[in-house]
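Going line by line, the protein sequences match chains W and S.
Note that my numbering has the first sequence beginning at 1, numbered continuously upward.
Note that my numbering has the second sequence beginning at 1001, numbered continuously upward.
It cannot be assumed that every hint is accurate.
Said to hold, decoys possible - Straight-line C-alpha distance at most 16 Å; calculated EDC-like pairs for lysine to aspartate or glutamate:
| no. | chain 1 | residue 1 | chain 2 | residue 2 |
| --- | --- | --- | --- | --- |
| 1 | W | LYS169 | W | ASP130 |
| 2 | W | LYS147 | S | GLU1057 |
| 3 | S | LYS1053 | W | GLU126 |
| 4 | W | LYS57 | W | ASP6 |
| 5 | W | LYS62 | W | ASP6 |
| 6 | S | LYS1053 | W | ASP114 |
| 7 | W | LYS57 | W | GLU148 |
| 8 | W | LYS174 | W | GLU120 |
| 9 | W | LYS62 | W | GLU142 |
| 10 | S | LYS1053 | W | ASP118 |
| 11 | W | LYS122 | W | ASP173 |
| 12 | S | LYS1053 | W | ASP119 |
| 13 | W | LYS62 | W | ASP154 |
| 14 | W | LYS62 | W | ASP38 |
| 15 | W | LYS122 | S | GLU1056 |
| 16 | S | LYS1053 | W | GLU143 |
| 17 | W | LYS122 | W | GLU142 |
| 18 | W | LYS122 | W | GLU177 |
| 19 | W | LYS122 | S | GLU1057 |
| 20 | S | LYS1053 | W | GLU120 |
| 21 | W | LYS62 | W | ASP130 |
| 22 | S | LYS1053 | W | GLU142 |
| 23 | W | LYS57 | W | GLU143 |
Keep in mind the hints are simulated off the structure, nothing from the lab.
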Amino acid sequence: MADQADFAEQAMPLMSGLYAAAMRLTYNSSDAEDLVQDTYLRAYRGFGGFEAGTNLKAWLYKILTNTFINTYRMKQRRVQQVELDDVPDYSLYRRMGGLETVSLSRTPETQVLDGMPDDEVKLALESLPDQFRIAVILCDIEEFSYKEIADILDIPMGTVMSRIHRGRKLLHDKLWEYAAERGLIPNVERPAAAAHAGGQ
Amino acid sequence: MDCDQMLNLINHYMDGGLSQWRHRAVARHMNDCPPCADHHNAHIQFRQQVASKCFEEAPAGLRLRISESLGVHPSDGSPLR
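With the rest of the complex left out, here is chain W (with noise of 0.2 Å):
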């Protein structure tokens, strides 16, 4: 049993991570504002039921996205349900030639992304249906392990896998269709079709 009175010294430093989260959820920054304030007013309420000594940075993620998820989304749109397969996520290698033709060290990908504003990375990663982006908060920028995310979402951890391996794939093809309208992309030997489609 934990005390309440050690909730906010532990907790509030986590602020800007939720804030983030709920900014790439709802979309705005009053929604998002609201929400992170809804979650820490439900996990101070819930602290004396929380075990001292686990994880508060999970358990507040997870009071965050079933808040979300119950509310915020409801309000926003009709719920988005899509389970699609796991697919390898070489997409962008693949594309660009095959493995041969990455040059060492600074890959063509990681560069297009230097060069792209941050606001619209904000907005290719808002584009992907909620599953998936929620699974890829979690996971890449907020660090969680397979097995926490899963504890989270109470989802298994294969679905947790096959929602991060998807969301990336989906996150890298919009940042690369964003990145070719807007002639960001290197000299580069466009795609697959060429190189794959069994001749000209």
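Given chain W, work out where chain S should sit, using these hints.
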């Protein structure tokens, strides 16, 4: 392990989701295969870039409202009194 097998496991490897022996097999393959090692590095860099580009600072007003409702200092969460 060949490059295709390696590519199929790279997400799991990066996330620490492989069994010990598979993890070692992937590490061994990368040791002998610079393109795969580069590929792995690119994945890691990509992830870090996305994370840093999506950073947000919690607004001061939000911090203040939450600390007021919890009865603590907004700076460090220590009790008011």
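To see whether the hints hold, each was checked on the structure:
{"no.": "1", "hint": "W/LYS169 / W/ASP130", "in the structure": "15 Å, holds"}
{"no.": "2", "hint": "W/LYS147 / S/GLU1057", "in the structure": "27 Å, violated"}
{"no.": "3", "hint": "S/LYS1053 / W/GLU126", "in the structure": "13 Å, holds"}
{"no.": "4", "hint": "W/LYS57 / W/ASP6", "in the structure": "14 Å, holds"}
{"no.": "5", "hint": "W/LYS62 / W/ASP6", "in the structure": "19 Å, violated"}
{"no.": "6", "hint": "S/LYS1053 / W/ASP114", "in the structure": "9 Å, holds"}
{"no.": "7", "hint": "W/LYS57 / W/GLU148", "in the structure": "10 Å, holds"}
{"no.": "8", "hint": "W/LYS174 / W/GLU120", "in the structure": "10 Å, holds"}
{"no.": "9", "hint": "W/LYS62 / W/GLU142", "in the structure": "12 Å, holds"}
{"no.": "10", "hint": "S/LYS1053 / W/ASP118", "in the structure": "5 Å, holds"}
{"no.": "11", "hint": "W/LYS122 / W/ASP173", "in the structure": "14 Å, holds"}
{"no.": "12", "hint": "S/LYS1053 / W/ASP119", "in the structure": "8 Å, holds"}
{"no.": "13", "hint": "W/LYS62 / W/ASP154", "in the structure": "9 Å, holds"}
{"no.": "14", "hint": "W/LYS62 / W/ASP38", "in the structure": "13 Å, holds"}
{"no.": "15", "hint": "W/LYS122 / S/GLU1056", "in the structure": "10 Å, holds"}
{"no.": "16", "hint": "S/LYS1053 / W/GLU143", "in the structure": "15 Å, holds"}
{"no.": "17", "hint": "W/LYS122 / W/GLU142", "in the structure": "15 Å, holds"}
{"no.": "18", "hint": "W/LYS122 / W/GLU177", "in the structure": "14 Å, holds"}
{"no.": "19", "hint": "W/LYS122 / S/GLU1057", "in the structure": "14 Å, holds"}
{"no.": "20", "hint": "S/LYS1053 / W/GLU120", "in the structure": "9 Å, holds"}
{"no.": "21", "hint": "W/LYS62 / W/ASP130", "in the structure": "15 Å, holds"}
{"no.": "22", "hint": "S/LYS1053 / W/GLU142", "in the structure": "13 Å, holds"}
{"no.": "23", "hint": "W/LYS57 / W/GLU143", "in the structure": "11 Å, holds"}
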